[in-house]
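Given the coordinates of chain A, assemble chains B and C onto it according to the supplied hints.
Read top to bottom, the protein sequences are chains A, B and C. Residue numbers for the first sequence follow this note's numbering, so the first one is 22 and each next one is one higher. Residue numbers for the second sequence follow this note's numbering, so the first one is 22 and each next one is one higher. Residue numbers for the third sequence follow this note's numbering, so the first one is 119 and each next one is one higher.
Mixed in with the good hints, there may be bad ones.
Unchecked claim - Label pairs and their computed distance ranges (CB to CB):
(1) 59(B) with 125(C): 51 to 59 Å
(2) 187(A) with 163(B): 40 to 48 Å
(3) 210(B) with 50(A): 34 to 42 Å
In short, the hints are calculated from the structure, not lab data. Beta carbons are placed, not taken as given, at the ideal position from N, Cα and C, and that holds for glycine.
If you want the building blocks of each chain, they are given just below.
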Amino acid sequence: MSAGRPPSLLGATWVLVRKDLLLEWRTRARANALVFFALATLLLFSFALGPDTTILRRAAGGTLWLAILLASVLALGESFRVEQENAALDGLRLAPADARALFLAKSLANALLLMLLGAVILPVLAALAGVTLVQGPGPMAVVLVLGALAIAGPGTLYAAISSQARARDVLLPLLLFPLLIPALVAAAKATSLVFEGDPMLQFQSWLGLLAGFDLVYWSLGFVLFPRVLED
Amino acid sequence: MNLAQEGETRQEGLPVARALPLSNVSNALECIDVSKRYGQRWALARLSFVLPAGASLLLTGHNGSGKTTLLRLLATLLRPTTGQLVLFGQNGVAQRATLRPRIALLGHTSFLYEDLTARENCVLLARLLGRPASEVDGLLDRAGLAQRADQTVRTFSAGMKKRLAIAGLLLKQPSLALLDEPFAALDPAGIAEMEQHIRSLSRAGTTVVLATHQVEHGQTLCTERLHLSAGRATQA
Amino acid sequence: MTHALFTVVGVAVVGGGLYALVRGPASWRAGVAVLALVLLVSGAWYGLVQAPPDREMGNVQRIMYVHVPAQWMALMAVTLNFLCSVAYLFRPSWPKDALAEASAEVGLFFGAVGLVLGSIWGKPTWGVYWSWDPRLTSEAILLVAYAGYLALRRFIDDAERRAVWSAVVGIIIAVDIPIIWFSVRWWRSLHQMQSSPSTVDPDMVRALRWNAFAFLALWLVFLSTRYLIARARTEREMAPPPMVAEAAT
Numbered sequence: 022m023s024a025g026r027p028p029s030l031l032g033a034t035w036v037l038v039r040k041d042l043l044l045e046w047r048t049r050a051r052a053n054a055l056v057f058f059a060l061a062t063l064l065l066f067s068f069a070l071g072p073d074t075t076i077l078r079r080a081a082g083g084t085l086w087l088a089i090l091l092a093s094v095l096a097l098g099e100s101f102r103v104e105q106e107n108a109a110l111d112g113l114r115l116a117p118a119d120a121r122a123l124f125l126a127k128s129l130a131n132a133l134l135l136m137l138l139g140a141v142i143l144p145v146l147a148a149l150a151g152v153t154l155v156q157g158p159g160p161m162a163v164v165l166v167l168g169a170l171a172i173a174g175p176g177t178l179y180a181a182i183s184s185q186a187r188a189r190d191v192l193l194p195l196l197l198f199p200l201l202i203p204a205l206v207a208a209a210k211a212t213s214l215v216f217e218g219d220p221m222l223q224f225q226s227w228l229g230l231l232a233g234f235d236l237v238y239w240s241l242g243f244v245l246f247p248r249v250l251e252d
Numbered sequence: 022m023n024l025a026q027e028g029e030t031r032q033e034g035l036p037v038a039r040a041l042p043l044s045n046v047s048n049a050l051e052c053i054d055v056s057k058r059y060g061q062r063w064a065l066a067r068l069s070f071v072l073p074a075g076a077s078l079l080l081t082g083h084n085g086s087g088k089t090t091l092l093r094l095l096a097t098l099l100r101p102t103t104g105q106l107v108l109f110g111q112n113g114v115a116q117r118a119t120l121r122p123r124i125a126l127l128g129h130t131s132f133l134y135e136d137l138t139a140r141e142n143c144v145l146l147a148r149l150l151g152r153p154a155s156e157v158d159g160l161l162d163r164a165g166l167a168q169r170a171d172q173t174v175r176t177f178s179a180g181m182k183k184r185l186a187i188a189g190l191l192l193k194q195p196s197l198a199l200l201d202e203p204f205a206a207l208d209p210a211g212i213a214e215m216e217q218h219i220r221s222l223s224r225a226g227t228t229v230v231l232a233t234h235q236v237e238h239g240q241t242l243c244t245e246r247l248h249l250s251a252g253r254a255t256q257a
Numbered sequence: 119m120t121h122a123l124f125t126v127v128g129v130a131v132v133g134g135g136l137y138a139l140v141r142g143p144a145s146w147r148a149g150v151a152v153l154a155l156v157l158l159v160s161g162a163w164y165g166l167v168q169a170p171p172d173r174e175m176g177n178v179q180r181i182m183y184v185h186v187p188a189q190w191m192a193l194m195a196v197t198l199n200f201l202c203s204v205a206y207l208f209r210p211s212w213p214k215d216a217l218a219e220a221s222a223e224v225g226l227f228f229g230a231v232g233l234v235l236g237s238i239w240g241k242p243t244w245g246v247y248w249s250w251d252p253r254l255t256s257e258a259i260l261l262v263a264y265a266g267y268l269a270l271r272r273f274i275d276d277a278e279r280r281a282v283w284s285a286v287v288g289i290i291i292a293v294d295i296p297i298i299w300f301s302v303r304w305w306r307s308l309h310q311m312q313s314s315p316s317t318v319d320p321d322m323v324r325a326l327r328w329n330a331f332a333f334l335a336l337w338l339v340f341l342s343t344r345y346l347i348a349r350a351r352t353e354r355e356m357a358p359p360p361m362v363a364e365a366a367t
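With the rest of the complex left out, here is chain A:
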């Protein structure tokens, strides 16, 4: 038999992303439940804010990102529960798979899931709150991509930590929510500007903040995740 040559970092990431997406597809009932959870959250916000459509419209950006953020906590926790079921993560560590590839793959898979979730609940939000994409679908897509990356990067790192601690269901949001406040602010503001137009030309700045957040935390995650996994 042949002595194999292990794949490169990107090769391993590709293998692992495919594995994560395949798992996500096999357990799509869970992803569906996640979508309905996010929709229920949207409904709850609408009821809590009252029937006044002007308030709903002005809060639409924040509502969208809160729904995604709340659903993301469940998605992130779930993405590591799969790894823990038969200690599959230990199997990957021993295989051996590069921990950095594991981080990139898991974060990418989670980000894709959140982007999909956002895209699915967006039309429902538009109907509930009576908003339209004044700036068109392009800028909205950019905000959705950058926002999902902002949640998934540090979220994956924190989910890896909290999945192995006691009280993990409390710990993950407690760690993640304060960290994500800048990303939430930026994503919600940018989304509002997409809904309501951007007379002051602030859209670029919020997008810049979001992109900077992504860059910082994906780099940090890339560097720190091996320590989280191995110690």
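For chains B and C alone, coordinates are given in the frame of chain A:
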């Protein structure tokens, strides 16, 4: 196996590590005064032994005596709280990245993804090892899983998961095979096959550590023996 | 230039003081605690009696003499936590982990004190306790973040894991500080004058200075005590087991 007891034996015939042989590449395992703590409890305490390459070690002990912890330490998945672990002449903590391709663990958890099929699980491992996915079919056949290769692992019985896990272990062709209760959940035919697999691993020069309650199976397979009691090595 | 020199001397004095309190006998810590008490009392006298009322804010402004030092101490503790976290990941050692834990807890304490005092000050000044002032808002977010950090430390049993993971989390939170600051300021900006001794009356400077040193002494006592507790715990956790099994219990 040498219970590393150059020097005196203190009370009740317990081995005490005094002078240990210098790191020697012909030793597959060197466990030097290794302890592992979980919370308030010492799962392993002051464990010292060496195992030459190619030897096979039978690990016995009651539930909770530290067998699984020791295997996970040897697999480099855990790091010792105190003490030092040397595998094939390399430090088991600092050089785990280079050691891992040579180590396989058949754990009491199967490391399998329940929602992937048997083949997908094996192909994932093959890809990470950089081996051609075509090797997988032959291995599944050898493990007696050819018929159900395309069903998800969730539909498998415990015995079949064990068979699949051994297929993964064989795929890796390790220098050190760590087997945690390999006979559990297997039917008599499965046990016989597992014994075959272990024998062929030993013949191929693989160092084997076998933890089991079924001493009668283990004794015929292994050359050395270590009994653990409350995390300490004792004479069986 | 003098500024840099002042900083270097300050860091050296504080670091040396901390080292002495940790290594020295317990009576030194008691001594500094007494000193802190004396300074606090005289600081209160300077702040409440000696210093003149503020021209615009009146007597309300006196809360600054305790609010600002508390913020400084919180900032120092958080900086220390970040440095310890980075240092731990580069070269693991238990004292760094213990100091990281101590500084997070002390930082949370002084931050909470500063936050409460700040919002009390806000009530007569702005009419509301919470005006979403960027500085206080950022601080509130950070307090929750460090509460999460301390919760994480409680929820992990394995000492080494706890040390590494909390170092990772400590770095992540510290990196977030400037990002939070900018995002909150963009999100809602409210002008706020900078409080620093150079902008106020000499009597006010003295009141602020006495209180700052009082808080510094308290900070040192809290930090060293908390450090010693954390050290004792890891030492117990990492002590090797006895050579011979204890009698079965």
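We went through each hint and held it up to the structure:
no.: 1; hint: 59(B) with 125(C): 51 to 59 Å; in the structure: violated (45 Å)
no.: 2; hint: 187(A) with 163(B): 40 to 48 Å; in the structure: holds (41 Å)
no.: 3; hint: 210(B) with 50(A): 34 to 42 Å; in the structure: holds (36 Å)
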